[in-house]
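Chains L and D are the protein sequences, given in the same order.
Note that the first sequence covers residues 1 to 265 in the working numbering.
Note that the second sequence covers residues 266 to 635 in the working numbering.
Just so you know, the hints here were simulated from the structure itself, not pulled from any lab data.
For every residue, glycine included, the Cβ atom is placed at its ideal position computed from N, Cα and C.
Some hints could be false.
[Stated by the list, open to error] Computed beta-carbon distance windows for the label pairs: (1) L:GLY97 with D:SER415: 36 to 46 Å; (2) D:ASP338 with L:ASP203: 48 to 58 Å; (3) L:GLY97 with D:ARG341: 29 to 39 Å.
[To be verified] Footprint (simulated), chain L over chain D, 3 or more residues, beta carbon under 8 Å: (4) 364 to 370; (5) 392 to 402; (6) 534 to 544.
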Amino acid sequence: MTMDRLGTGIAWTALILVIAFLLLPIVVVIPVSFTESTVFRFPPEGFSLQWYGRIRNVDGLLGALWLSAQIAALSTATSLLLGTLCAIALVRGLVPGAAAITTFMVSPLMLPGLVLGIALLQTMREVGLRDAWWSLYLAHVVITLPFVMRTVLASLSLFDFAMVDAARTLGCSYPKALWRVLVPNILPGFISGALFAFIASFDNYPVSMFLVDVRTKTLPIQLLNYLEISPDPTLAAVSTVLIGLTVIVLILCDRLVGLRRMASI
Amino acid sequence: MTALGAPAPAAQAGASSAGHLVVTGTSKRFGAAVVLEDLSLSVAKGEFVSLLGPSGCGKTTLLRCIAGLLRPDAGRITVAGQDITALPAHRRNVGVVFQNYALFPHLTVAENIGFGLRAQGVSRAEAAPRVAEALALVRMGEHADKPVTSLSGGQQQRVAVARALVVRPSLLLLDEPFSALDRKLRETMQVELKHLLREVGITAIFVTHDQEEALVVSDRIAVMNSGRIEQLADPATLYGRPVSLYVLDFVGQSTRLAGRIVAVEDGVVTVETSLGPVRAPGRFAPGSRVAVAVRPEAVTLGEGVAGANRVSARVSEISFLGSRTQLHLDLPAEGEDRGVVELPRLPEGVQPGSRVTLAFREADTMVFPA
Ligand SMILES: Nc1ncnc2c1ncn2[C@@H]1O[C@H](COP(=O)(O)OP(=O)(O)O)[C@@H](O)[C@H]1O
Ligand SMILES: [Mg+2]
Chain L
1 MTMDRLGTGI AWTALILVIA FLLLPIVVVI PVSFTESTVF RFPPEGFSLQ
51 WYGRIRNVDG LLGALWLSAQ IAALSTATSL LLGTLCAIAL VRGLVPGAAA
101 ITTFMVSPLM LPGLVLGIAL LQTMREVGLR DAWWSLYLAH VVITLPFVMR
151 TVLASLSLFD FAMVDAARTL GCSYPKALWR VLVPNILPGF ISGALFAFIA
201 SFDNYPVSMF LVDVRTKTLP IQLLNYLEIS PDPTLAAVST VLIGLTVIVL
251 ILCDRLVGLR RMASI
Chain D
266 MTALGAPAPA AQAGASSAGH LVVTGTSKRF GAAVVLEDLS LSVAKGEFVS
316 LLGPSGCGKT TLLRCIAGLL RPDAGRITVA GQDITALPAH RRNVGVVFQN
366 YALFPHLTVA ENIGFGLRAQ GVSRAEAAPR VAEALALVRM GEHADKPVTS
416 LSGGQQQRVA VARALVVRPS LLLLDEPFSA LDRKLRETMQ VELKHLLREV
466 GITAIFVTHD QEEALVVSDR IAVMNSGRIE QLADPATLYG RPVSLYVLDF
516 VGQSTRLAGR IVAVEDGVVT VETSLGPVRA PGRFAPGSRV AVAVRPEAVT
566 LGEGVAGANR VSARVSEISF LGSRTQLHLD LPAEGEDRGV VELPRLPEGV
616 QPGSRVTLAF READTMVFPA
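Between the sequences and the hints, there should be enough to build the whole structure, so can you do that?
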């Protein structure tokens, strides 16, 4: 009995400590972004919005933000389309060796980003693709596809394809049936897959590192560069903005399909 | 006939006496497995035909070929004289009620029913009265705005039927529409659905593996056996004149005895069985191995009419079925012999172990090659 209680007590303490460990660094960033001081220090001194103002003035920061958003959005969209089509083929058993192919297609998740980055750099060189934007876009499709595949495959395995057949007999062509019936029914899978994929692309460092050039830098790389030159609270301001955006997106998703449904996929 | 039942213009054009739905020489294989083998079928306008056969005999595959969800390897399918073999599913106007109904869980009852109309470009305003009419037809009016996931099995079936009918298909295919319902509900729904479809005046094909269900819902029954139609006939013919042992066994019960032809005269053969000689109309060469069979209700206890077949056997089991009583006969365990007799009431003194004399008319006795 007492041993039981002791065990539960330890588990509870561990849970609280882990949550604190996960949450504190994020929480600390927010007050620091409002500091008057020019150094990155907690607790913050005074209150000012100067670091938010500086975001606009730091060379290349907004450009990097825009590039990262572009690359993340486009590569995620591409992965959603390709990943869903691939997942349908795999789930419907139209492919011999579907299980092996499935494992292969989600394997970049398990591969160190450095390896992937070097391999992609090599490949782009070989095929003569020098443009940084296109290199990043293609590489990020590789990064995002497994995230989308994993969640879409999970949703599809619960989806009754007789619904697609029903839609077809009611007058929808096959693509239209997918759009009208399959897409709304696996929407939670799409959204959570897309969210993970977007974030994976947005803050990817190890792969992008090999593919950027002087004028085409993604946000994580630009931030780290900046940190090396002037480690001031601008970075905290950028982080706070990103935290805010993430919270807004999560609230929207919750409204749309429910976070619980998304988390269960 | 309601407005729903008005056949689509396409269905009327070119209607021929050859049958509303004509399937000719259709074959389908999956890899090495031949699932449909040179199958032909003709269904008249307004007729209800059941595809009856054990699980895996190709019923769903045939249905999917007719609906355009599968492309047969060979053969031709026409509806109302129009060749639809090469048409994709969405241009065939063939309604399907799927085995588990395949309702759309993200839509309400009314949206499910309106789905086909909207997909075919009917405006929301035009679709609304037709959806309401279909809802009324299946008595689901008050459930219009419910999510389909909240419905009972019977209600889901009604929605599935309404969803398929509202677009005025030229043909309705139903794949084991009652298999998801419990027994009691199944019986009510069978009668209800048959009545409804009659009212609408549609041509329908039911798939089922349940022979009783086939007898209840259809005008004619196609008994399928591994990818072929073994016999297509009205229920009475199927029951009274099965063309093979397979059909005999699949539809209804029977007493069945293996034997050998010992005499042939004037279209009547005499078969030596484990219970003695039995005469039956038929043409076989002397010495052929055959099986004779008689339906349970064609047998009486005692001497029967003059010239009837008579055999004697021991009763092994008696089952009281309410309106009638079933006797099971004690037959040698080897072989496929079996004995089932049904009587309106059990005579005094008959009990398990009793020896009884069974009489059945020569004309009621069937012979099949074994
Ligand atoms: N898409 C498919 N791929 C491979 N085999 C199939 C496919 N569909 C059906 N079959 C096989 O065809 C046979 C008939 O199936 P089906 O038409 O569904 O039978 P039924 O509806 O009479 O139970 C079964 O043996 C089944 O395994
Ligand atoms: Mg089936």
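Hints versus structure:
Between L:GLY97 and D:SER415 the CB atoms are about 41 Å apart, so this pair conforms to the stated range of 36 to 46 Å. In this structure the hint that D:ASP338 and L:ASP203 lie 48 to 58 Å apart at CB holds, the actual value being about 52 Å. For L:GLY97 and D:ARG341, the hinted distance range of 29 to 39 Å is satisfied, since their beta carbons lie about 36 Å from each other. Coverage of the stretch 364 to 370 of chain D by chain L holds in this model, with 6 residues showing a Cβ closer than 8 Å to a Cβ of that chain against a need of three.
Remark: the stretch 392 to 402 of chain D is not confirmed as covered by chain L, as 0 of its residues place a Cβ nearer than 8 Å to a Cβ of that chain, below the required three. Against chain L, the stretch 534 to 544 of chain D contributes 0 residues with a C-beta closer than 8 Å to a partner C-beta. That does not satisfy the three-residue criterion, and the hint is violated.
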